[in-house]
Amino acid sequence: MPATPQTFDIRPFPGSVGAEIIGLDLSQPVNDQDFARIHRAHLDHHVIVFRDQRITPEQQIAFSRRFGVLQIHVLKQFLLANHPEILIVSNIIENGESIGLGDAGKFWHSDLSYKELPSLGSMLHAQELPSEGGDTLFADMHKAWEQLPGHLRKAVEGRRAAHSYTARYSETKFEGNWRPTLTPEQLAQVAEVVHPIVRTHPENGRKALFVSEGFTTRIVGLPDDESRDLLAQLYAHSVLPENIYRHQWQPHDLVFWDNRSLIHLAAGCPSHLRRKLLRTTIQGDAPF
Numbered sequence: 001m002p003a004t005p006q007t008f009d010i011r012p013f014p015g016s017v018g019a020e021i022i023g024l025d026l027s028q029p030v031n032d033q034d035f036a037r038i039h040r041a042h043l044d045h046h047v048i049v050f051r052d053q054r055i056t057p058e059q060q061i062a063f064s065r066r067f068g069v070l071q072i073h074v075l076k077q078f079l080l081a082n083h084p085e086i087l088i089v090s091n092i093i094e095n096g097e098s099i100g101l102g103d104a105g106k107f108w109h110s111d112l113s114y115k116e117l118p119s120l121g122s123m124l125h126a127q128e129l130p131s132e133g134g135d136t137l138f139a140d141m142h143k144a145w146e147q148l149p150g151h152l153r154k155a156v157e158g159r160r161a162a163h164s165y166t167a168r169y170s171e172t173k174f175e176g177n178w179r180p181t182l183t184p185e186q187l188a189q190v191a192e193v194v195h196p197i198v199r200t201h202p203e204n205g206r207k208a209l210f211v212s213e214g215f216t217t218r219i220v221g222l223p224d225d226e227s228r229d230l231l232a233q234l235y236a237h238s239v240l241p242e243n244i245y246r247h248q249w250q251p252h253d254l255v256f257w258d259n260r261s262l263i264h265l266a267a268g269c270p271s272h273l274r275r276k277l278l279r280t281t282i283q284g285d286a287p288f
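Here this note's numbering is used: the first residue of the sequence shown is 1, the next is one more, and so on.
These are calculated hints, taken from the structure and not from any lab test.
If you're wondering where the values come from, they're calculated on a predicted model, not measured in any experiment.
Glycine residues also receive a C-beta, built at the ideal position from the N, C-alpha and C atoms.
One or more of the hints may lead you astray.
[What the hints assert, rightly or not] Each computed DSS-like pair below joins lysine-lysine, with the alpha-carbon atoms no more than 25 Å apart:
no.	residue 1	residue 2
1	K154	K106
2	K76	K154
3	K276	K76
4	K276	K106
[Stated by the list, open to error] Taking CB as the label site, the calculated pair distances span:
no.	residue 1	residue 2	range
5	R206	D25	27 to 35 Å
6	L182	E146	32 to 40 Å
7	E132	A62	30 to 38 Å
8	P202	D25	39 to 47 Å
9	K154	E97	45 to 53 Å
10	A62	R37	13 to 21 Å
11	L182	E116	17 to 25 Å
12	G23	G96	38 to 46 Å
13	R40	P2	14 to 22 Å
14	R54	L222	44 to 52 Å
15	R51	M1	41 to 49 Å
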């Protein structure tokens, strides 16, 4: 029996990034026509916010799978019990142990850009939110490319950059817990990969910068000093305030962003305030 159509509104935010979806209930099956509207909104706005979603982990996984194969995070200790498709993002300590990845996203990055098949998109569902802080920032990498000065365009044209999960692994940026030591098996899963600096979005055809301070380590074929200088200029240009959407979380928000179009950053919150979210990550294509 086909799913019942739902009535919902898609309301774009000011600027080039973001829209909220009001009135949709993801605890109910989504029919193909409604799904097509959601998919289109995701491509058009790069990040969509489903408000007030009281869904289970199983329902989040099922909806995420509508967009593609789900990726399992390398930090197995922070995967939800019996649901390895879900990464727990949390600063909560229980019995002296972190229950989730407490420092996720503290450098600008695109999720899993360090994999041969980086993420198409990520869905993050709010479970517990702090009373202050905890915002997530999203920067438009299509705009970053389109507005890139001519001399920088020329410098990156046709070039490729290396990405590594461990690029900033041991650096502390905010107070709070840091990451566990990776086993040899985990390190083997996150070996360095190389991707184009400018990628073409496989669905909308637009070009976007595809480097980030979080995971990009070097530009292939350039001396180290030149590579560092050029990357620093690209990073600074990528996060101009006019191209950023700042998400202020509301209870039960489910936020779905396009890692092919955006980089994002966790703004941080006071370490004594509890924050917990559940993330699914959808596999994308090899960048070209």
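message = Please check whether R206 and D25 have a Cβ separation lying inside 27 to 35 Å.
response = holds, 31 Å
task = Please work out if K154 and K106 have their alpha carbons no farther apart than 25 Å.
result = Distance of about 30 Å is beyond 25 Å: violated.
key: R51 paired with M1, Cβ distance criterion 41 to 49 Å   = violated, 27 Å
query = Is it true that the C-beta distance of G23 to G96 lies inside 38 to 46 Å, as the hint says?
reply = About 43 Å separates the Cβ atoms of G23 and G96, which means 38 to 46 Å holds.
task = For R40 and P2, compare the CB-CB distance with the range 14 to 22 Å and indicate the outcome.
result = Given a distance of about 20 Å, which is inside 14 to 22 Å, the answer is holds.
ask   = Between E132 and A62, is the Cβ distance one that fits in 30 to 38 Å?
value = holds, 33 Å
message = Between the alpha carbons of K276 and K76, is the straight-line distance 25 Å or under?
response = Between K276 and K76 the Cα gap is close to 17 Å, so the pair holds against 25 Å.
key: Assessment of proposed distance window 44 to 52 Å (beta carbons of R54, L222)   = Hint holds: Cβ distance 50 Å, inside 44 to 52 Å.
ask   = Is K276 close enough to K106, meaning Cα to Cα at most 25 Å?
value = holds, 15 Å
message = Against the 25 Å threshold, does the CA-CA distance of K76 and K154 hold or violate the hint?
response = violated, 41 Å
task = Could you see if the CB distance from L182 to E146 stays within 32 to 40 Å?
result = Once the Cβ atoms are compared, 37 Å apart, the range 32 to 40 Å for E146 and L182 holds.
query = Lying within 45 to 53 Å: is that true of the beta-carbon distance K154 to E97?
reply = Between K154 and E97, where Cβ atoms are some 50 Å apart, the hint holds.
In summary, the numbered hints that this structure violates are 1, 2, 8 and 15.
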